[in-house]
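J.: Protein sequences, first through last, are from chains S, F and X. Residue numbering for the first sequence follows our numbering, starting at 1 and increasing by one per position. Residue numbering for the second sequence follows our numbering, starting at 1 and increasing by one per position. Residue numbering for the third sequence follows our numbering, starting at 1 and increasing by one per position.
A hint or two may mislead.
When the alpha-carbon atoms are kept at most 30 Å apart in a straight line, the in silico DSS-like pairs for lysine-lysine are as follows [unchecked claim]:
no. : chain 1 : residue 1 : chain 2 : residue 2
1   : X       : 13        : F       : 32
2   : S       : 108       : F       : 69
3   : X       : 32        : S       : 27
4   : X       : 69        : F       : 108
5   : F       : 69        : S       : 32
6   : F       : 27        : S       : 27
7   : S       : 130       : X       : 13
8   : F       : 108       : X       : 108
9   : X       : 27        : F       : 15
10  : F       : 15        : F       : 130
11  : X       : 27        : F       : 108
12  : F       : 69        : S       : 69
13  : X       : 27        : S       : 27
14  : F       : 13        : S       : 32
Residues of chain F clear of chain S, computed beta-carbon distances all greater than 12 Å [claimed, not checked]:
no. : residue
15  : 76
16  : 99
17  : 106
It is worth saying that the hints were derived from the structure and are not from the lab. Glycine residues also receive a C-beta, built at the ideal position from the N, C-alpha and C atoms.
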Amino acid sequence: MRVVHDGIELRTKGKGTYEITDEVQAKIDNCKIDNGTVTIFVQHTSCSLTLMENAAPAARRDLEHFFEKLVPESADYEHDDEGPDDSTSHIRMVLTRTSETVPIVDGKMQLGTWQGIFLFEHRRAPHRRKVFVTVIGE
Amino acid sequence: MRVVHDGIELRTKGKGTYEITDEVQAKIDNCKIDNGTVTIFVQHTSCSLTLMENAAPAARRDLEHFFEKLVPESADYEHDDEGPDDSTSHIRMVLTRTSETVPIVDGKMQLGTWQGIFLFEHRRAPHRRKVFVTVIGE
Amino acid sequence: MRVVHDGIELRTKGKGTYEITDEVQAKIDNCKIDNGTVTIFVQHTSCSLTLMENAAPAARRDLEHFFEKLVPESADYEHDDEGPDDSTSHIRMVLTRTSETVPIVDGKMQLGTWQGIFLFEHRRAPHRRKVFVTVIGE
């Protein structure tokens with residue numbers, strides 16, 4: 001049994017979902033662990049992680065529109081030091097996920113057919129985001 | 001330290017919460033790992049995973065009604081290839097969970113008194129669902 | 001590779017977010033595992049876990065106010081054996097998290113600059129809460 005850490009950096013272009021499935025799988029390929037789990041951990045509080053339907057972009061647009069309505073920027077927040085998307089970003093992060101753990105068999109993540117791994121950016125402005133990838137196994 | 005993977009298959013009868021606590025514990029019993037963690041991972045994007053109160057069915061009905069109102073089928077979604085419950089299923093999945101990791105001590109999951117593990121089906125129609133169970137420990 | 005379990009007990013004073021980052025890190029320090037992951041698991045269904053912005057208390061007040069509006073106590077719930085905050089507590093728990101897994105490098109959790117770990121109490125009355133901490137690594 002071993003533990004291998006690695007990281008993914010990505011530049012987002014503002015609000016939206018950014019697929020990182022291939023990048024995570026590439027990190028697993030690198031460390032040659034065939035059997036175990038991978039934990040994906042987002043090191044931020046204004047973006048988040050989610051599994052999502054990976055085929056239809058319309059499904060992701062519906063998800064993004066839903067969050068615009070559920071946690072509207074127009075609402076009256078106390079914390080707005082960094083603009084009207086400040087508290088909304090944190091709340092949308094809390095409503096989604098920060099870490100996910102996915103099983104690995106024969107070196108491959110055991111995702112379902114339609115499952116992709118996405119970083120969910122909640123900020124209007126482009127950001128540089130860091131995702132930690134930890135593989136445990138043999 | 002070892003890693004053992006196993007799977008649970010269940011047939012849902014449409015929307016609702018389906019307890020799988022005993023099935024997960026049975027997989028742990030099978031692999032004879034006394035001390036470690038179990039990761040439960042749902043391989044779908046139109047159903048999800050949640051811990052929930054396991055005693056009062058009324059609490060789960062309230063949960064299910066809440067999600068019907070929070071993510072209504074009547075809303076105007078772009079992605080409806082598979083019907084009015086298509087985008088709502090993905091959004092409800094994102095708002096809940098896909099993976100959970102639970103500690104194991106003396107061969108038993110360390111759930112609180114009222115905690116049960118549930119698959120949360122978001123589709124109207126019955127579905128066959130696959131849940132991955134990965135035990136890491138000694 | 002080893003597995004070490006430990007627990008944190010805290011007394012909440014009613015609804016709100018309670019930071020436990022230092023307590024979790026202290027458990028990791030105790031077990032002298034430098035390289036691995038820590039899983040934090042809340043053993044309750046009426047409080048939950050979340051990563052959150054750890055610097056601005058206003059951001060947390062906005063989060064708490066948002067949940068009061070999103071899952072209002074005034075709503076008409078079937079399950080109210082323990083008062084108007086009974087079903088709302090379970091629903092707020094489902095919408096947030098029960099377990100999180102955080103990477104450990106050189107004995108330290110790899111949290112981002114602004115990430116803190118919080119117990120999110122959903123009950124009006126003070127409660128004694130148990131959080132399980134499991135460190136896996138070497």
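J.: Quick one, are residue 69 of chain F and residue 69 of chain S close enough, alpha carbons at most 30 Å?
T.: Roughly 14 Å separates the two Cα atoms, so the pair holds.
J.: Quick check for students: does the CB of residue 106 of chain F sit more than 12 Å from each CB in chain S?
T.: Answer for residue 106 of chain F: holds, closest chain S Cβ roughly 21 Å.
J.: Verify the proposed pairing of residue 27 of chain X with residue 15 of chain F, using a straight-line Cα cut of 30 Å.
T.: Not OK: residue 27 of chain X and residue 15 of chain F at ~41 Å, beyond 30 Å, violated.
J.: For residue 27 of chain X and residue 27 of chain S, compute the direct alpha-carbon distance and say whether it is at most 30 Å.
T.: The hint holds at about 29 Å.
J.: Please work out if residue 130 of chain S and residue 13 of chain X have their alpha carbons no farther apart than 30 Å.
T.: Distance of about 35 Å is beyond 30 Å: violated.
J.: Check the hint pairing residue 69 of chain X with residue 108 of chain F against an upper bound of 30 Å on the C-alpha distance.
T.: Not OK: residue 69 of chain X and residue 108 of chain F at ~38 Å, beyond 30 Å, violated.
J.: Please work out if residue 15 of chain F and residue 130 of chain F have their alpha carbons no farther apart than 30 Å.
T.: holds (16 Å)
J.: Run the distance test for residue 13 of chain F versus residue 32 of chain S: straight-line Cα separation, threshold 30 Å.
T.: violated (40 Å)
J.: For the pair supplied as a hint, residue 32 of chain X and residue 27 of chain S, confirm whether the alpha-carbon distance does not exceed 30 Å.
T.: holds (27 Å)
J.: Do the alpha carbons of residue 69 of chain F and residue 32 of chain S lie within 30 Å of each other, as the hint requires?
T.: It is violated: about 46 Å lies between the C-alpha atoms, which goes past 30 Å.
J.: Once the closest CB in chain S is found, is it more than 12 Å from residue 99 of chain F?
T.: Violated: least Cβ distance 5 Å, not greater than 12 Å.
J.: Within a Cα-Cα threshold of 30 Å, do residue 108 of chain S and residue 69 of chain F meet the stated pairing?
T.: Given pair residue 108 of chain S, residue 69 of chain F is violated - Cα atoms ~38 Å apart, limit 30 Å.
Violated hints for the displayed structure, listed by number in ascending order: 1, 2, 4, 5, 7, 9, 14, 15, 16.
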